[in-house]
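Asks: One line per chain: the protein sequences are A and B, in this order.
Just so you know, the first sequence maps onto residues 107 to 220 in the numbering used here.
Just so you know, the second sequence maps onto residues 36 to 150 in the numbering used here.
Don't take every hint at face value.
Only some residues are given here: those of chain A computed to face chain B with a beta carbon under 10 Å [unchecked claim]:
#1 G109
#2 V110
#3 T113
#4 P114
#5 L149
#6 R161
#7 F166
#8 F170
#9 Q209
#10 G212
I should point out that these hints are in silico values taken from the structure, not numbers from a laboratory.
Note that this is a predicted model, so its numbers are computed, not measured.
Here a beta-carbon is modelled for each residue, glycine too, at the ideal position from N, C-alpha and C.
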Amino acid sequence: KAGVTQTPRYLIKTRGQQVTLSCSPISGHRSVSWYQQTPGQGLQFLFEYFSETQRNKGNFPGRFSGRQFSNSRSEMNVSTLELGDSALYLCASSARTGARNEQFFGPGTRLTVL
Amino acid sequence: GENVEQHPSTLSVQEGDSAVIKCTYSDSASNYFPWYKQELGKRPQLIIDIRSNVGEKKDQRIAVTLNKTAKHFSLHITETQPEDSAVYFCAASIRYGGNTGKLIFGQGTTLQVKP
Numbered sequence: 107k108a109g110v111t112q113t114p115r116y117l118i119k120t121r122g123q124q125v126t127l128s129c130s131p132i133s134g135h136r137s138v139s140w141y142q143q144t145p146g147q148g149l150q151f152l153f154e155y156f157s158e159t160q161r162n163k164g165n166f167p168g169r170f171s172g173r174q175f176s177n178s179r180s181e182m183n184v185s186t187l188e189l190g191d192s193a194l195y196l197c198a199s200s201a202r203t204g205a206r207n208e209q210f211f212g213p214g215t216r217l218t219v220l
Numbered sequence: 036g037e038n039v040e041q042h043p044s045t046l047s048v049q050e051g052d053s054a055v056i057k058c059t060y061s062d063s064a065s066n067y068f069p070w071y072k073q074e075l076g077k078r079p080q081l082i083i084d085i086r087s088n089v090g091e092k093k094d095q096r097i098a099v100t101l102n103k104t105a106k107h108f109s110l111h112i113t114e115t116q117p118e119d120s121a122v123y124f125c126a127a128s129i130r131y132g133g134n135t136g137k138l139i140f141g142q143g144t145t146l147q148v149k150p
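Input sequences plus hints: build the corresponding full structure.
Replies: Structural data, given as structure tokens:
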């Protein structure tokens with residue numbers, strides 16, 4: 107099976123702009139979780155989507171939003187970018203069934219805000 | 036709130052020695068504890084996980100132990116090799132129900148294995 111893919115891999119934006127990141131999960135996986143990785147804060151949970159519904163949300167401002175499509179692909183949007191949003195954004199997919207809910211990560215999107 | 040503390044933040048060992056990384060979690064409802072290895076510039080890769088109905092799990096040179104009472108879990112790597120050098124993250128989650136897709140991560144341990 108193909109692994110989790112993310113596009114784009116690198117992105118440079120300026121403050122105040124908005125950005126949309128995309129994540130395609132492993133075939134058959136219905137859950138997509140998003141994480142922000144920074145040197146100072148480590149890996150922090152943003153939100154999870156399952157069957158097109160947001161199931162969990164982390165402690166991030168409302169500028170961070172997401173959605174999931176019927177094919178389980180997910181997008182994450184950040185509006186009014188701030189310098190502190192510079193980070194590696196990782197998505198992870200999971201089958202999310204009782205015995206198999208391991209999360210498999212994509213390569214990430216490196217966002218730089220200037 | 037939910038929190039996972041991980042120690043040490045850096046660990047340097049000689050090739051062939053053992054390495055131990057320890058984590059403590061705060062949410063007593065957590066019942067799934069994965070460990071991820073992240074090499075420089077790469078994605079986190081799941082290396083081993085343990086569920087709360089098991090006290091220990093081993094996979095070749097890697098083992099994980101869980102003490103539910105103390106809310107501690109640890110990663111043990113034996114016979115370390117230079118290719119084990121990476122950042123290791125512990126995480127905690129609730130395996131069933133609404134919070135399944137939410138992993139709370141420790142801050143990471145940078146392991147250096149010196150040849």
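Asks: So which hints don't hold here, by number, going up?
Replies: 3, 4, 7, 8
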